[in-house]
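Chemist: What follows is the residue order along each chain.
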Amino acid sequence: GIQVEQSPPDLILQEGANSTLRCNFSDSVNNLQWFHQNPWGQLINLFYIPSGTKQNGRLSATTVATERYSLLYISSSQTTDSGVYFCAVRVDYKLSFGAGTTVTVRA
Amino acid sequence: DTGVSQNPRHKITKRGQNVTFRCDPISEHNRLYWYRQTLGQGPEFLTYFQNEAQLEKSRLLSDRFSAERPKGSFSTLEIQRTEQGDSAMYLCASSPGTVQPQHFGDGTRLSIL
Chain A
1 GIQVEQSPPD LILQEGANST LRCNFSDSVN NLQWFHQNPW GQLINLFYIP
51 SGTKQNGRLS ATTVATERYS LLYISSSQTT DSGVYFCAVR VDYKLSFGAG
101 TTVTVRA
Chain B
1 DTGVSQNPRH KITKRGQNVT FRCDPISEHN RLYWYRQTLG QGPEFLTYFQ
51 NEAQLEKSRL LSDRFSAERP KGSFSTLEIQ RTEQGDSAMY LCASSPGTVQ
101 PQHFGDGTRL SIL
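Heads up: the protein sequence lines correspond to chains A and B, in order.
Numbering-wise, the first sequence is residues 1 to 107 according to the working numbering.
Numbering-wise, the second sequence is residues 1 to 113 according to the working numbering.
What the hints contain is simulated information worked out from the structure, not anything from laboratory work.
C-beta: ideal position from N, C-alpha, C; glycine also.
A portion of the hints provided could be inaccurate.
[To be verified] Partner residues are not named here, just some residues of chain A that face chain B (Cβ under 10 Å, in silico):
1) Val4
2) Gln6
3) Pro8
4) Ser26
5) Asn30
6) Gln37
7) Pro39
8) Ile44
9) Tyr69
10) Leu71
11) Tyr73
12) Val84
13) Phe86
14) Ala88
15) Asp92
16) Tyr93
[Stated by the list, open to error] Away from chain A, derived, C-beta distances all over 10 Å, residues of chain B:
17) Phe21
18) Gln41
19) Ala93
[As the list claims (entries may be wrong)] Derived list of chain B stretches under chain A, where covered just means 3 residues or more per stretch with a C-beta under 8 Å from a C-beta of chain A:
20) 44 to 51
21) 101 to 111
Full structure from sequences and hints, please.
Modeler: Here it is in structure tokens:
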């Protein structure tokens with residue numbers, strides 16, 4: 001099956017800092033989603049981004065499908081950004097998730 | 001759009017007992033998916049419904065697991081004779097079609113004593 005690798009596995013930020021999370025995948029995909037899992041376990045949709053760049057407030061994402069990677073940018077981080085960020089790629093109808101990047105934002 | 005609803009949120013049971021979880025998808029979403037997430041891992045695909053038809057079951061789903069979606073609306077996931085290794089978060093997602101994004105519920109956290 002398709003392999004999804006996320007880096008870094010852990011990230012500690014000071015409030016206000018910027019960061020970039022990366023997702024590499026091993027094969028062509030139909031689409032890609034970024035999620036934020038908060039400390040209560042809820043998976044929140046951030047982006048549906050099979051290709052190109054999208055922005056939503058302090059977050060933005062870029063997917064380069066031909067090179068099989070996606071980037072998630074967090075700017076001016078806040079403590080509420082803490083949690084695990086997952087990249088998931090869709091082949092046919094099922095999502096395959098990476099292992100996630102655990103982000104801790106310190107005040 | 002009230003979101004995907006899952007019940008119960010938490011379930012604690014003794015090893016060997018049967019448990020059943022329910023998922024109510026977003027209305028008019030005819031695709032429904034079950035995933036399982038163990039500690040420190042990303043969710044893993046379990047099974048997929050298009051309307052009432054179960055189109056795929058992962059090999060992660062042993063014979064002790066069964067899922068139904070009787071009228072193409074809500075779905076249930078049953079685990080018989082639970083084992084310690086079944087402890088996990090069980091997540092349900094829905095989408096209006098296969099090309100649209102999947103939206104997840106808050107999950108059911110299962111703990112086996």
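Chemist: If a hint holds in the structure, say so; if it does not, say that too.
Modeler: So, going through the hints one by one against the coordinates:
no.: 1; hint: Val4; result: holds, 8 Å
no.: 2; hint: Gln6; result: holds, 8 Å
no.: 3; hint: Pro8; result: violated, 15 Å
no.: 4; hint: Ser26; result: violated, 15 Å
no.: 5; hint: Asn30; result: holds, 7 Å
no.: 6; hint: Gln37; result: holds, 9 Å
no.: 7; hint: Pro39; result: violated, 13 Å
no.: 8; hint: Ile44; result: holds, 8 Å
no.: 9; hint: Tyr69; result: violated, 17 Å
no.: 10; hint: Leu71; result: violated, 18 Å
no.: 11; hint: Tyr73; result: violated, 19 Å
no.: 12; hint: Val84; result: holds, 9 Å
no.: 13; hint: Phe86; result: holds, 5 Å
no.: 14; hint: Ala88; result: holds, 7 Å
no.: 15; hint: Asp92; result: holds, 7 Å
no.: 16; hint: Tyr93; result: holds, 4 Å
no.: 17; hint: Phe21; result: holds, 14 Å
no.: 18; hint: Gln41; result: violated, 6 Å
no.: 19; hint: Ala93; result: violated, 8 Å
no.: 20; hint: 44 to 51; result: holds (count 3)
no.: 21; hint: 101 to 111; result: holds (count 7)
Violated hints for the displayed structure, listed by number in ascending order: 3, 4, 7, 9, 10, 11, 18, 19.
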